[in-house]
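Visitor: In the order they appear, the protein sequences are chains A and B.
With our numbering as the guide, the letters of the first sequence map in order to residues 1 to 410.
With our numbering as the guide, the letters of the second sequence map in order to residues 411 to 710.
The hints are simulated quantities; they were obtained by calculation from the structure and are not laboratory data.
Hints are supplied without guarantee of correctness; some may be wrong.
Residues from chain B that face chain A, not an exhaustive set, calculated with beta carbons under 7 Å [stated by the list, open to error]:
1. A479
2. P503
3. I521
4. L522
5. F687
Just so you know, these numbers come straight off a predicted model, no measurement behind them.
Glycine included, every Cβ here is placed at the ideal spot set by N, Cα and C.
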Amino acid sequence: MKDTLMRYVVKLVRQALVASIWLSFLTLPIMVIRVDTIEQTVTWRWMHLAYMAVGSFVLALAWYAMMDRRDRGQAKKDLETVERVSALSQFLSDPRFAKPLMAFGFLVAAAFPWFFSLYQTNILVSAMIYVVLGLGLNITVGLAGLLDLGYVAFYAVGAYTYALLNHHFHLGFWAVLPLGAVLGAFFGILLGFPVLRLRGDYLAIVTLGFGQIIRLVLENWGDFSYGPSGISNIDRPGLFGINYSVEQATTYIYYIMLALVILTIFVTARLKDSRIGRAWLALREDEIACQAMGIDNTRAKLMAFALGATLAGLMGVVFAAKTTFINPASFTFMESAMILAIVVLGGMGSVLGVILGAFMLMLLPEYLRAFSEYRMLIFGATMVLIMVFRPEGLVRAKRKVYKINVEAAG
Amino acid sequence: MEYFLQLFLGGLSRGSVYALIALGYTMVYGIIELINFAHGEIYMIGAFMGLIVAGVLTSLGWPALSILAIALIVAVLYSAAYGYTVEKIAYKPLRSAPRLAPLISAIGMSILLQNYIMLTQTPDFLPFPRLIPELAFMDRFSNYLGTSDMFIIVTSLVVMIALTLFIKFTRMGKAMRATAQNRKMAMLVGVNVDQVISVTFIIGSSLAAVGGVLIGAHVGQINFAIGFLAGIKAFTAAVLGGIGSIPGAMLGGLVLGWTESFATGYISSDYEDVFAFLLLVVILIFRPAGLLGKQRAQKV
Numbered sequence: 001m002k003d004t005l006m007r008y009v010v011k012l013v014r015q016a017l018v019a020s021i022w023l024s025f026l027t028l029p030i031m032v033i034r035v036d037t038i039e040q041t042v043t044w045r046w047m048h049l050a051y052m053a054v055g056s057f058v059l060a061l062a063w064y065a066m067m068d069r070r071d072r073g074q075a076k077k078d079l080e081t082v083e084r085v086s087a088l089s090q091f092l093s094d095p096r097f098a099k100p101l102m103a104f105g106f107l108v109a110a111a112f113p114w115f116f117s118l119y120q121t122n123i124l125v126s127a128m129i130y131v132v133l134g135l136g137l138n139i140t141v142g143l144a145g146l147l148d149l150g151y152v153a154f155y156a157v158g159a160y161t162y163a164l165l166n167h168h169f170h171l172g173f174w175a176v177l178p179l180g181a182v183l184g185a186f187f188g189i190l191l192g193f194p195v196l197r198l199r200g201d202y203l204a205i206v207t208l209g210f211g212q213i214i215r216l217v218l219e220n221w222g223d224f225s226y227g228p229s230g231i232s233n234i235d236r237p238g239l240f241g242i243n244y245s246v247e248q249a250t251t252y253i254y255y256i257m258l259a260l261v262i263l264t265i266f267v268t269a270r271l272k273d274s275r276i277g278r279a280w281l282a283l284r285e286d287e288i289a290c291q292a293m294g295i296d297n298t299r300a301k302l303m304a305f306a307l308g309a310t311l312a313g314l315m316g317v318v319f320a321a322k323t324t325f326i327n328p329a330s331f332t333f334m335e336s337a338m339i340l341a342i343v344v345l346g347g348m349g350s351v352l353g354v355i356l357g358a359f360m361l362m363l364l365p366e367y368l369r370a371f372s373e374y375r376m377l378i379f380g381a382t383m384v385l386i387m388v389f390r391p392e393g394l395v396r397a398k399r400k401v402y403k404i405n406v407e408a409a410g
Numbered sequence: 411m412e413y414f415l416q417l418f419l420g421g422l423s424r425g426s427v428y429a430l431i432a433l434g435y436t437m438v439y440g441i442i443e444l445i446n447f448a449h450g451e452i453y454m455i456g457a458f459m460g461l462i463v464a465g466v467l468t469s470l471g472w473p474a475l476s477i478l479a480i481a482l483i484v485a486v487l488y489s490a491a492y493g494y495t496v497e498k499i500a501y502k503p504l505r506s507a508p509r510l511a512p513l514i515s516a517i518g519m520s521i522l523l524q525n526y527i528m529l530t531q532t533p534d535f536l537p538f539p540r541l542i543p544e545l546a547f548m549d550r551f552s553n554y555l556g557t558s559d560m561f562i563i564v565t566s567l568v569v570m571i572a573l574t575l576f577i578k579f580t581r582m583g584k585a586m587r588a589t590a591q592n593r594k595m596a597m598l599v600g601v602n603v604d605q606v607i608s609v610t611f612i613i614g615s616s617l618a619a620v621g622g623v624l625i626g627a628h629v630g631q632i633n634f635a636i637g638f639l640a641g642i643k644a645f646t647a648a649v650l651g652g653i654g655s656i657p658g659a660m661l662g663g664l665v666l667g668w669t670e671s672f673a674t675g676y677i678s679s680d681y682e683d684v685f686a687f688l689l690l691v692v693i694l695i696f697r698p699a700g701l702l703g704k705q706r707a708q709k710v
C-alpha cells in the first residue's frame, strides 16, 4: 500500500517537473524579455522565470493529481447507474431547511442598505445586475443549449433605449423599463429568426458577430448614439416626481434591483420545470430527437432567445439609470464572456449556481483589489479548469423528479 | 483604374494574412470539429515573439533581413509550441465531452492568453520594428503596392503551396485527411489520431505566427488584443470558404480581404469591421456550408 502510494507520488512529481520545465521554456521569452522598440532597450527580468518555474510546478502537480482523480471518478461513474446527490444539495433541496434559509437571505438583503455604506450598496447593486444577466443567459445557454456570445448586445439595447429616450424626450425610468424589456425581446427575436437554422458553434459565432455589429454601430454612428464619448447625465429613477439625492437614489435602485432579482429567480425557476422549460432541456440534449417528440424547435429556440434578451434589456435600463453614464466601451465582448463565465462557473442550468457564480465573480475582485489586475486572467483559467474538471459547475442543475408510488398505483 | 488596382492589391495582401490564419481554423475544425477560439491569440503571440526577437537582435545591431528571417523562425517555433500546449491543456481532456464544453474552454484559453501577454508585456500598443526594407526595384510599383505588401503576398503564397503539397503527398498529410473524413475509421486503420491532432495544431499555429510577424512588420504596431479581431475575421474567412476545406480557407481569406478593401475604399472607412461581420452573418445564414463546402444533411 505504502509502496504504491510512493510510486504514485514519484510519478506525479516527475510529470509535474516535466510540465514545469516545458512551460518555463515556453513562457521564457515573453515572461523574461521586454523590449522597448523606441528607445531600443531590452529589459531582462530573470526573476519572472523563477516565479514561473515554481508556480507552474505547483499548478502542474495539482493538475495531474486532479486529472488522476477525474479519470478514476469517470471509471467509477460508468459503473454507477444512480446519480449521486451531494449532501449539500440534498440539504438545500429539503424544504425544511431551504425555506428558513431563503427567508433569512431575504431579510439580510432587505436590511443591507441600512447597515452598510453607499459604496457597499453600489457594489451589491452591480452584483445583482449580473445575477439577473446570468439568469437570463442561463435560459439561452444553460437550459436551451444555445451558446450566445453576443448577449451583451441586448444589454446595450436596453441601456441605450433608456439613455436616448431620457436624453431626447426626458422619459422617466419607470416608463422606459418595460420598453427596454420589449425592445430587448424584439432584438432577441430579430437575431433569433435568421440564426435558428444554425448548429451550435456556428450559432455562437453569429451571435458574436451580431454583438460586435451593435457595438461598432454605437461607436460609429455618432448622430444617433453620440459615438465613443457616450451619453451622460441620465436621470436616476424617480417616483411620482420625487427626485432623490445620490444616497437615497442608490438605496432606491437597490430595492428595485432586489425586487427584480426575486422576480427573475421566481420566473426562471418556474420556467425550468414548465412545459417550455422541459422542451428547452430536450432541445439541449438532442435537437433531432426533440423534434421527433413533436416539439416545435423554432418556437422553443425563439422563446429562449427572446426571454434571455428581455432580461438583458431590462437590466440595461437599470444599468443606465444606476451609472447615469453609458458608452459603447461598457458593452464589449469581454462583458459577454464574463456573463458566460458566471453561467459556466455557477453551473449551466442551475438557478442557485448562477446566483452564486455572479456573486463570486463580481464580489471577489472588488474585495481582492490586489488581484484585480489578474481578474480576467483568473476568469480565463477558471473557465478552462471548470470545463475540464467540473463541467457541471459549482452547483449541479437538478431535474425535477416525479415519483410514482408503485404500490398505491398497482 | 489606379485606385481600383491599389484597393485590389491592398485587399490581396490583407486577404493573404486572413487566409494564413484561416487555415489554422479550418484544419482544426476539419479534424476535431472545434472552433479553436484561442487561435487568434496564437497569432498575436507569434507577433509578440517576432517583436521580442527583433528587439533583441536590433539592439545587437544585426542587419534587417536576417532579423526578419530569424524572427519568423523563432515566432513559428514558439507559436507552434503554444498551439501544441493549448491543445493538450484545454482540448484534449475534453475529447468526449459535449460540444459546448471545448468551445467554452477555448474562450477561457483565449482570455487567459490575452491577459498573460497584457500583464507580462504591456497593455499599450508597441511599435514593431521596420523589418522589411524598401527594395529599390519596387519603386516603380510604389503607387499600388508597398514592399511589405509584396512580401506578405509572396510569403503567404509560398507557405500555402508548401501546405498543399504537404497535405497531398506526405504520409502525415494523408493521415490528416483520413482523420478529417472519419476519426474512428482512421483509428481502426492504424492512424495515430492524437499525433495527427497535435500536428494539426502545430501547423495551424505556425501559419498563424507567419501571419502575425508579417502583419506586425507591415502595420508597424501590435498589442495584446489584436488576436481577437484577426481571429474572428479569419474565422469568417474560413466559414466563407467552407470550413474544413483548405482551398476554401485560402479563397475565403482573399474574398474577405477584397470585400473589406473595396468596401472601405468605395463606401466608408468608419465601418471597416462591420463589413466583415455582416459578411459572416450573411454567409452563415444563406450558405452555411460556404463557397467550396458541400451542403451536408444532418444525420442522427
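Visitor: Take the hints in turn and mark each one as holding or not.
Guide: Against the structure, the hints:
Hint status for B:A479 relative to chain A: violated, with the closest Cβ pair at about 17 Å, above 7 Å. Taking 7 Å as the C-beta contact cut-off toward chain A, the hint placing B:P503 at the interface holds, the least distance being around 5 Å. For B:I521, the interface hint holds, the least distance from its beta-carbon to any beta-carbon of chain A being 3 Å, beneath 7 Å. The closest approach between the C-beta of B:L522 and any C-beta of chain A is roughly 3 Å, which is under the 7 Å cut-off, so the hint is satisfied.
The interface hint given for B:F687 holds, since its Cβ lies 4 Å from the closest Cβ of chain A, which is under the 7 Å cut-off.
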